[in-house]
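Residue numbers (numbering that gives the first Met the number 0), protein chains in the order written: chain E, 0 to 380; chain C, 0 to 152.
None of these hints come from the bench; they were simulated from the model. It should be emphasised that the depicted structure is a prediction, and the values quoted were computed from it without experimental measurement. C-beta: ideal position from N, C-alpha, C; glycine also. Careful: at least some of the hints might be erroneous.
Said to hold, decoys possible - Listed next, the in silico DSBU-like pairs over lysine-lysine satisfying Cα-Cα at most 30 Å (straight line):
#1 E:K176 x E:K165
#2 E:K345 x E:K121
#3 C:K17 x E:K321
#4 E:K210 x C:K141
#5 E:K28 x E:K120
#6 C:K55 x E:K229
#7 E:K71 x E:K121
#8 E:K141 x E:K151
#9 C:K55 x E:K176
#10 E:K345 x E:K151
#11 E:K69 x E:K108
#12 E:K148 x C:K90
#13 E:K31 x E:K69
#14 C:K141 x E:K176
#15 C:K144 x C:K35
#16 C:K90 x C:K141
#17 E:K176 x E:K108
#18 E:K229 x E:K43
#19 E:K229 x C:K17
#20 E:K151 x C:K141
#21 C:K141 x E:K173
#22 E:K108 x E:K120
#23 C:K55 x E:K165
#24 C:K90 x E:K151
#25 E:K43 x E:K31
#26 C:K90 x E:K210
#27 C:K17 x E:K322
#28 E:K151 x C:K144
#29 E:K141 x C:K90
As the list claims (entries may be wrong) - Stretch by stretch, here's where chain E covers chain C in the computed footprint (C-beta under 8 Å, at least three residues):
#30 18-26
#31 59-69
#32 77-84
#33 88-100
#34 107-116
#35 142-148
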Amino acid sequence: MSEAKYGVLLVTGGHTHQENYAVAFAADKRCKLIAVTDEPDVDKRRRELNERLARALGVPHIADIAEALKRKDVDVVSVCAEPERRGGIAVRCAEAGKHLYLDKSLCPKLSEADAIVAAVKKAGVKSHMFSFISQSWARHTKKLIESGKLGKVVALHADACFAKGKTGTAKLGKPRKEEYPPARHQLVEAKRELDNVGVYPITLARWLTGKAFRTVHAVTANYFFAEHQKHDVEDFGLLSATLEDGTLVTVTAGRYGWTTHPAGGVNRITLVGTDGTATLDANRPRLEVYTDEQPWLPPNVNPEDPMGFWQSTQDAVHVRPKKTWVPLTASATDAAYFLDRLDAGKDSEMSATDAAAGTEVLLAAYRSAETGEVVTLPLPR
Amino acid sequence: MPSLAELHRAVAATVASKRLGTVVFVRYTVQDADVKAAPVRLAQSTAVVRDWIGQKLDRLAATVHPDGGQVALTLQFAEGATALVSFAKGKPRGDGVDLLVLGNRGSLTHDAGHAELSDELTDTALPAAEPGLLAWVERAMKSGKPEAAGDRP
Numbered sequence: 000m001s002e003a004k005y006g007v008l009l010v011t012g013g014h015t016h017q018e019n020y021a022v023a024f025a026a027d028k029r030c031k032l033i034a035v036t037d038e039p040d041v042d043k044r045r046r047e048l049n050e051r052l053a054r055a056l057g058v059p060h061i062a063d064i065a066e067a068l069k070r071k072d073v074d075v076v077s078v079c080a081e082p083e084r085r086g087g088i089a090v091r092c093a094e095a096g097k098h099l100y101l102d103k104s105l106c107p108k109l110s111e112a113d114a115i116v117a118a119v120k121k122a123g124v125k126s127h128m129f130s131f132i133s134q135s136w137a138r139h140t141k142k143l144i145e146s147g148k149l150g151k152v153v154a155l156h157a158d159a160c161f162a163k164g165k166t167g168t169a170k171l172g173k174p175r176k177e178e179y180p181p182a183r184h185q186l187v188e189a190k191r192e193l194d195n196v197g198v199y200p201i202t203l204a205r206w207l208t209g210k211a212f213r214t215v216h217a218v219t220a221n222y223f224f225a226e227h228q229k230h231d232v233e234d235f236g237l238l239s240a241t242l243e244d245g246t247l248v249t250v251t252a253g254r255y256g257w258t259t260h261p262a263g264g265v266n267r268i269t270l271v272g273t274d275g276t277a278t279l280d281a282n283r284p285r286l287e288v289y290t291d292e293q294p295w296l297p298p299n300v301n302p303e304d305p306m307g308f309w310q311s312t313q314d315a316v317h318v319r320p321k322k323t324w325v326p327l328t329a330s331a332t333d334a335a336y337f338l339d340r341l342d343a344g345k346d347s348e349m350s351a352t353d354a355a356a357g358t359e360v361l362l363a364a365y366r367s368a369e370t371g372e373v374v375t376l377p378l379p380r
Numbered sequence: 000m001p002s003l004a005e006l007h008r009a010v011a012a013t014v015a016s017k018r019l020g021t022v023v024f025v026r027y028t029v030q031d032a033d034v035k036a037a038p039v040r041l042a043q044s045t046a047v048v049r050d051w052i053g054q055k056l057d058r059l060a061a062t063v064h065p066d067g068g069q070v071a072l073t074l075q076f077a078e079g080a081t082a083l084v085s086f087a088k089g090k091p092r093g094d095g096v097d098l099l100v101l102g103n104r105g106s107l108t109h110d111a112g113h114a115e116l117s118d119e120l121t122d123t124a125l126p127a128a129e130p131g132l133l134a135w136v137e138r139a140m141k142s143g144k145p146e147a148a149g150d151r152p
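Looking at chain C on its own, in the form it has when it is part of the complex (with noise of 0.2 Å):
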């Protein structure tokens, strides 16, 4: 069954053949049945938008739910770039990764109904989060504001 890594690489591979042009936008929906790992996966998810995105990431804003389990992630690049960096409490259907991938001139989604149509789960494993990325996300989960980038990266 395809890892979490494979579809991270599918994408890169996809964004650096430039058929979507330049990314602009990208949404990306992590779902995960340990409230806890949300930060981490939420660091993770934001290393991996950036990397495709390819600006430097200047702004992170988060939304949290009072109950901790629902995080959204509102990036703003150097660039001009946005994303949406969702991490949702909850069973994982398929890999548990929602998709959408906007570039100027075109687009790439996948989705539940694009992963594989099994009960078995998915390799979510990852490179460790980067310290400086997951410090930022949880200042910006407690704070509940949006933060600057200053020197992180």
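With the rest of the complex left out, here is chain E (with noise of 0.2 Å):
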């Protein structure tokens, strides 16, 4: 007898992100996964790779998602179309009832978001967006600020950056313009980094300190990479904003090459208090080891992803694990938070609610990127 209570339709397969959410439901005891699915207009390419993971998983695929959502046995809808496609079809998968699992960020447009937002509430179903809300430094972090010992935290620096991608390609010499809307979220060989990494610091700003943004300035002038030169598409941002008690808040997001660190990127956050500091650090605390093994080096350039952003592509050129810095702890997937979510009949705490703020807030710093100018939130409708 299966013990599985949650069927698991995932929308779009691989190269997504799907391909290690798909990996954490199906590895949890309380899922079954359905079926690969997704919208029947899809180009060749897209249903080939949807095809290719649904082969994968042992599952079937399912051409027509709203064939898919008809199915009673499906209760979680994991939601990775690509961030054009996203905000419709969590809306349709909402509407039909589903439990939302939304990759991040939410979408790319304010009025989807919304639309997001009303579509969940009038459903009545439960959301979660992928974040770091549910890794264990995080949530110490929150608990460091709950227990009063920093006092009020006035200040809060962070930074996401991803060691991943072919260093010192970019053509330099001169500002990046920014143009708003963003558009050509995710490219082959590109992504909207300010976007796709900010989406983590940004959120986790407002979690932790349960306030909205007001203002942000962000500037998206420069690149570290050819790919993303090539797309007019920004690989690294940074952000000055304030919240709405006045709470200062800097963010770096963004891409920085695979030999920069010995670890997956630097991912961290300094919060300042009216009675101490601290920074908590996803790499802290941690064993580091140094042997005769051979260095590690960055694997061959896939064409079919350069930059490292799928599983699926990372494996396909071997892609060796750092092993320098060893972890004390490990983090509970974010898939097993949304379904312990579920299991106690809450909302997560980066609900569409609070995704949709996240985009509102990337939404203000591109305008402000394209702009040089402070945009003060909320955005007009």
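Combine the two chains into a complex, taking the hints into account.
Right, dumping it as structure tokens:
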């Protein structure tokens, strides 16, 4: 007799974070993967990638999401469609009465974010966007703030940068110009990294403080990678902001190359309180191990994914794990966090509403980067 | 105990060695218990960061906490490099400096965990703030708006 009580439908397959999310759901005894599905009019490449993941997972591929959503054995939908398609699909799934597990960032447009929030509310389903909040270091940070040991938090400085991609490839020499609204969020060679990575510290700051962003000043002027430069999408961004109570927030986010960090990249937050300061780091506490093993070398470039976005494409070029830093603790998966919340009948602390607030901050950041001015939130509807 | 000036010299030497390639971004956060020191410490830190980057500073914007004790400067340079220079009022940890330098070929970090494991205070004496840069920082802190270079350094 299966212990699974949640049937999980996967929207969009290979070459998305679904490769990771599906594995996390499949590893949880509370879940049974039902199928991989998508919109029926996706292009040939996307359809093949969807079918590929379905085969790898040993589940059916259902070409039309409308058919898949009719299934009574689907309780949760994991939505990993490309950002531009994500909003409409999420609304559709909520309207079908399914709980939503959403890839980050939520969606590129404010109107889409508002529609998701409204659909979730109307349907009474639970929702969650993948984020840092389920990680042990983030939860420790939250506990530290709540303990009052730092006094009132008055500033928060967060860095999240992924050590992936071939270094030294961008042509330097002049500032990049931002566009608004931002387009081309997810290409084969490049993603908008302020959005893709910046969503983590932005949503983390809001979750940790419980305060909304009030002003945002952002810059997306520099490049590290030729891939991003070719498509005129930023690979790095910085943000200086205030929350509604005046708390100062600074964020750096992006991607800076395979060989620039002993692990996956800098990922930390410094809290400045009226009574103390603390830096919480996803890579601390740790062991540091040095041996006569061959030093870590970056993988060959996979033309299907030169920046190392996806698990399958990294596996294809045999990316070796970095082993110099050994973490002391392992976090439960983000999927397990959402299932725990479902079990408890509670919404996620990173629900569609919280995720939509992150979208608004990101859009304000792009607006600021385009105009060079400080942008005040909330944005006009 | 190594001084802050020695830290700056070590970073400058590493940048000059080109091991990091070309500097693309710097985050420099300094902590000081004296809130009145904020403009001067920010101007000094900005000058150091500008020199590491080696580009003309085009634009400077300040975000300031209402109590004045927390300030972040966003710096934009002529050839595309950027920086975040922050002042945090509070008891310094280690030498009080938290540093991240990202080059297009590598990175450099320095934080409290890399500083002297001692309660002894670090010598933070630096050359006097450049008057033009100090005035620019103060103007940005007052206006809360991005301030362009004009004929400033």
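Evaluation of the provided hints:
{"no.": "1", "hint": "E:K176 x E:K165", "result": "23 Å, holds"}
{"no.": "2", "hint": "E:K345 x E:K121", "result": "16 Å, holds"}
{"no.": "3", "hint": "C:K17 x E:K321", "result": "24 Å, holds"}
{"no.": "4", "hint": "E:K210 x C:K141", "result": "24 Å, holds"}
{"no.": "5", "hint": "E:K28 x E:K120", "result": "28 Å, holds"}
{"no.": "6", "hint": "C:K55 x E:K229", "result": "25 Å, holds"}
{"no.": "7", "hint": "E:K71 x E:K121", "result": "20 Å, holds"}
{"no.": "8", "hint": "E:K141 x E:K151", "result": "13 Å, holds"}
{"no.": "9", "hint": "C:K55 x E:K176", "result": "18 Å, holds"}
{"no.": "10", "hint": "E:K345 x E:K151", "result": "28 Å, holds"}
{"no.": "11", "hint": "E:K69 x E:K108", "result": "28 Å, holds"}
{"no.": "12", "hint": "E:K148 x C:K90", "result": "14 Å, holds"}
{"no.": "13", "hint": "E:K31 x E:K69", "result": "17 Å, holds"}
{"no.": "14", "hint": "C:K141 x E:K176", "result": "27 Å, holds"}
{"no.": "15", "hint": "C:K144 x C:K35", "result": "21 Å, holds"}
{"no.": "16", "hint": "C:K90 x C:K141", "result": "25 Å, holds"}
{"no.": "17", "hint": "E:K176 x E:K108", "result": "20 Å, holds"}
{"no.": "18", "hint": "E:K229 x E:K43", "result": "24 Å, holds"}
{"no.": "19", "hint": "E:K229 x C:K17", "result": "25 Å, holds"}
{"no.": "20", "hint": "E:K151 x C:K141", "result": "24 Å, holds"}
{"no.": "21", "hint": "C:K141 x E:K173", "result": "29 Å, holds"}
{"no.": "22", "hint": "E:K108 x E:K120", "result": "19 Å, holds"}
{"no.": "23", "hint": "C:K55 x E:K165", "result": "28 Å, holds"}
{"no.": "24", "hint": "C:K90 x E:K151", "result": "15 Å, holds"}
{"no.": "25", "hint": "E:K43 x E:K31", "result": "27 Å, holds"}
{"no.": "26", "hint": "C:K90 x E:K210", "result": "25 Å, holds"}
{"no.": "27", "hint": "C:K17 x E:K322", "result": "26 Å, holds"}
{"no.": "28", "hint": "E:K151 x C:K144", "result": "26 Å, holds"}
{"no.": "29", "hint": "E:K141 x C:K90", "result": "22 Å, holds"}
{"no.": "30", "hint": "18-26", "result": "holds (count 5)"}
{"no.": "31", "hint": "59-69", "result": "holds (count 8)"}
{"no.": "32", "hint": "77-84", "result": "holds (count 6)"}
{"no.": "33", "hint": "88-100", "result": "holds (count 6)"}
{"no.": "34", "hint": "107-116", "result": "holds (count 4)"}
{"no.": "35", "hint": "142-148", "result": "holds (count 3)"}
Of the numbered hints stated above, none is contradicted by the structure.
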